[in-house]
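Sequences are here, hints too, so could you generate the full structure?
There are 2 protein chains.
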Amino acid sequence: MDYKSIEISNKYKLFSEQWQPKVIAEMNDYQFKIAKIKGEFIWHSHKETDETFIVIKGEIEIEFRDGFVKIKEGEMFVVPAGVEHKPKSKKESQIMLIEPKGVVNTGEEDSNNLTAKNDVWI
Amino acid sequence: MDYKSIEISNKYKLFSEQWQPKVIAEMNDYQFKIAKIKGEFIWHSHKETDETFIVIKGEIEIEFRDGFVKIKEGEMFVVPAGVEHKPKSKKESQIMLIEPKGVVNTGEEDSNNLTAKNDVWI
Numbered sequence: 006m007d008y009k010s011i012e013i014s015n016k017y018k019l020f021s022e023q024w025q026p027k028v029i030a031e032m033n034d035y036q037f038k039i040a041k042i043k044g045e046f047i048w049h050s051h052k053e054t055d056e057t058f059i060v061i062k063g064e065i066e067i068e069f070r071d072g073f074v075k076i077k078e079g080e081m082f083v084v085p086a087g088v089e090h091k092p093k094s095k096k097e098s099q100i101m102l103i104e105p106k107g108v109v110n111t112g113e114e115d116s117n118n119l120t121a122k123n124d125v126w127i
Numbered sequence: 006m007d008y009k010s011i012e013i014s015n016k017y018k019l020f021s022e023q024w025q026p027k028v029i030a031e032m033n034d035y036q037f038k039i040a041k042i043k044g045e046f047i048w049h050s051h052k053e054t055d056e057t058f059i060v061i062k063g064e065i066e067i068e069f070r071d072g073f074v075k076i077k078e079g080e081m082f083v084v085p086a087g088v089e090h091k092p093k094s095k096k097e098s099q100i101m102l103i104e105p106k107g108v109v110n111t112g113e114e115d116s117n118n119l120t121a122k123n124d125v126w127i
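Those sequence lines, one after another, are chains A and B.
Residue numbering for the first sequence follows the working numbering, starting at 6 and increasing by one per position.
Residue numbering for the second sequence follows the working numbering, starting at 6 and increasing by one per position.
Worth double-checking, as some hints may not be accurate.
Covered stretches of chain B, as calculated for chain A (at least 3 residues, CB under 8 Å) [stated by the list, open to error]:
#, stretch
1, 9-23
2, 32-43
3, 80-92
4, 109-116
Below, computed lysine-lysine pairings styled on BS3-like, alpha-carbon distance capped at 25 Å [to be verified]:
#, chain 1, residue 1, chain 2, residue 2
5, A, K91, A, K106
6, A, K18, B, K62
7, A, K16, B, K52
8, A, K77, B, K9
9, A, K75, B, K95
10, B, K9, A, K43
11, B, K95, A, K9
12, A, K52, A, K96
13, A, K16, B, K18
14, A, K9, B, K52
15, A, K93, B, K9
16, A, K52, A, K18
17, B, K43, A, K106
18, A, K18, B, K16
19, B, K9, A, K96
20, B, K9, A, K52
21, A, K62, B, K16
22, A, K62, B, K75
23, B, K18, A, K75
24, B, K43, A, K9
25, B, K43, B, K9
26, A, K77, B, K43
Derived by calculation from the structure, the hints in this document are not laboratory data.
Where a beta carbon is used, it is the ideal one built from N, C-alpha and C, also for glycine.
So, in structure tokens, the structure goes:
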């Protein structure tokens, strides 16, 4: 059989829109999603699940109600379930998210503008 | 509160042994483990779960009974549950594994030599 690895960085060349996670791999009921982000997202949380951020390129910040974390290229952070957070990035950054299939990017918040279509593979 | 990102590459400076995954982060009941690998591992499988490999540095190969996949720096691959595989690396490579907590590195195979202690954080 012909097995192919997933070239993470190359996948970012296939789209330009920001804040719209695309699925590049699945492990059990979890998905690996990549996104380009710039500017500020909205405050939101995911009640049922932790959410992992890995920065592939650039540098992002995640704001919490009681602090913040900077995540640079090659670094990661796991946002615990239920914790309100607001991701942001001064310049466009490339991130990878790992979370269960079906998690909505805007969490419990209703935002037609920013809520991304789920399960979009690239 | 003081939040800290996890500097993935720096974590490899904290140990030298090969084929002994160390936990650097947890997301729900999943763990992110890093390992240095060189040479050939044994044939094994994980009946209950997929297993994700991300190559942080170097280049590895995973052999299957019916083929193989090369995974270079910045690339990833998900080995499906139950599929026999044998990871190997000509030169020492640095990998990150993502899988449910409690998964034994040698799968169903009994290998005192290669079976690593589980849940070792670094």
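Hint-by-hint comparison with the structure:
Evaluation of the coverage hint for the stretch 9-23 of chain B: fulfilled, as 6 residues show C-beta separations to chain A shorter than 8 Å, against a requirement of three. Coverage of the stretch 32-43 of chain B by chain A holds [criterion: at least 3 residues with CB-CB distance below 8 Å; count 4]. Only when three residues or more bring their CB closer than 8 Å to a CB of chain A does the claim for the stretch 80-92 of chain B stand; here the count is 5, and the claim holds. Given a C-beta distance limit of less than 8 Å, the hint that chain A covers the stretch 109-116 of chain B is violated, as 0 residues qualify and 3 are needed.
About 21 Å separates the Cα atoms of A:K91 and A:K106, which keeps this hinted pair within 25 Å; it holds. Between A:K18 and B:K62 the alpha-carbon distance is near 22 Å, which keeps this suggested pair within the 25 Å criterion. Restraint check for A:K16 and B:K52: not satisfied, since their Cα atoms lie roughly 30 Å apart, outside the 25 Å limit. A C-alpha spacing of about 11 Å is found between A:K77 and B:K9, which places the hinted pair at or below 25 Å, so the restraint holds.
Distance hint between A:K75 and B:K95 is unfulfilled; the C-alpha atoms sit about 35 Å from each other, more than 25 Å. At most 25 Å may separate the alpha-carbon atoms for a hinted pair to count; B:K9 and A:K43 meet this at roughly 21 Å. Annotation: proposed proximity of B:K95 to A:K9 holds, straight-line Cα distance about 19 Å (limit 25 Å). A threshold of 25 Å between alpha carbons decides the hint, and for A:K52 with A:K96 the separation of about 29 Å lies outside it, so the pair is violated.
For a cut-off of 25 Å, the pair hint linking A:K16 to B:K18 is broken: about 29 Å separates their Cα positions. A distance of roughly 22 Å separates the Cα atoms of A:K9 and B:K52; the hinted pair therefore holds under the 25 Å criterion. Under the criterion of a C-alpha separation no larger than 25 Å, the hint pairing A:K93 with B:K9 is consistent with the structure, at around 16 Å. With a C-alpha separation of about 32 Å, the suggested pair A:K52 and A:K18 falls outside the 25 Å cut-off, and the hint is violated.
A hinted pair counts as satisfied when its Cα atoms are at most 25 Å apart, and B:K43 with A:K106 does not qualify at roughly 33 Å. Under the criterion of a C-alpha separation no larger than 25 Å, the hint pairing A:K18 with B:K16 is inconsistent with the structure, at around 29 Å. Only pairs whose Cα atoms come within 25 Å are accepted, and B:K9 paired with A:K96 is accepted, the gap being roughly 21 Å. With a C-alpha separation of about 22 Å, the suggested pairing of B:K9 with A:K52 holds against the 25 Å cut-off.
Proposed proximity of A:K62 and B:K16 is supported: the alpha carbons are some 19 Å apart, at most 25 Å. For the hint pairing A:K62 with B:K75, the CA-to-CA distance comes to about 23 Å; that is within 25 Å, so the pair holds. Our distance criterion of 25 Å between C-alpha atoms is met by B:K18 and A:K75, whose separation comes to about 21 Å. Distance hint between B:K43 and A:K9 is fulfilled; the C-alpha atoms sit about 21 Å from each other, no more than 25 Å.
A distance of roughly 31 Å separates the Cα atoms of B:K43 and B:K9; the hinted pair therefore is violated under the 25 Å criterion. As the CA atoms of A:K77 and B:K43 are separated by approximately 28 Å, the hinted pair breaks the 25 Å bound.
Checked against the numbered hints above, the structure violates hints 4, 7, 9, 12, 13, 16, 17, 18, 25, 26; every other hint is satisfied.
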